[in-house]
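Protein chains: 2
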Amino acid sequence: MGRTPPHPEVSQFDLQQVLEALVDPVRRSIVTQLDAADEDLSCGTFDISVSKSTATHHFKVLREAGLIRQYYVGTSRLNALRRAEMDAAFPGLLDALTTRREQ
Amino acid sequence: MGRTPPHPEVSQFDLQQVLEALVDPVRRSIVTQLDAADEDLSCGTFDISVSKSTATHHFKVLREAGLIRQYYVGTSRLNALRRAEMDAAFPGLLDALTTRREQ
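Just so you know, the protein sequences line up as chains A and B, in that order.
Using the working numbering, the letters of the first sequence correspond one by one to residues 108 to 210.
Using the working numbering, the letters of the second sequence correspond one by one to residues 108 to 210.
Just so you know, these hints were derived from the structure itself, not from any lab.
Watch out, some of these pointers could steer you wrong.
Given that identical chains are not distinguished, each listed pair holds provided it fits within a single copy or across any two copies.
[Unchecked claim] Lysine to aspartate or glutamate pairs mimicking DMTMM-like chemistry, simulated, CA-CA at most 25 Å apart:
| no. | residue 1 | residue 2 |
| --- | --- | --- |
| 1 | Lys167 | Asp194 |
| 2 | Lys159 | Asp194 |
| 3 | Lys167 | Asp131 |
| 4 | Lys167 | Glu127 |
| 5 | Lys167 | Asp154 |
| 6 | Lys167 | Asp142 |
| 7 | Lys167 | Asp202 |
| 8 | Lys159 | Asp131 |
| 9 | Lys159 | Glu192 |
I would like the entire structure built from these sequences, with the hints used as guidance.
Okay, here's the thing in structure tokens:
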């Protein structure tokens, strides 16, 4: 439990912060991959071409905005898309960004 | 006609550019005000607390992303939200950002 990083509650979600998280194409790609995967993914399984430390930063920004939930299973850090909560706070936003084929 | 600034066509709309335009709260406010107005508005009628030159920059960013169309009537520059075109390119995106009460 002590290793679980802090997460905002839905009531704390902030549209400005969510948009600042999603304006970055790498972070948007992480969200899109999680949405498509239908399961929680460990940090190392994402198809993103950035260094490990940069990736860690991106995951942190997404977590702090409320877009993903991070938790540990053994030594693996897993990432879950907080879709239902995000949909409740900002209806349609993730749909608009993830159903669209990008590049 | 010569005074009409260039506008992208729908096929040129780029999600990254649109999000970069919408991540700015002043620009998002302009879009929200246009959406609520149900008529085209001249640049001076918006309730935004920035200098005229800063406002001009924001309108330019919105225009170049395809979010607004700017045209002249006499000496007034009018702004129209390109909602139908934006909805065609990125279904649900403007709905998600304009139906939400901010602050």
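Hint by hint, which ones does the structure fall short of? Numbers 2 and 9, in rising order.
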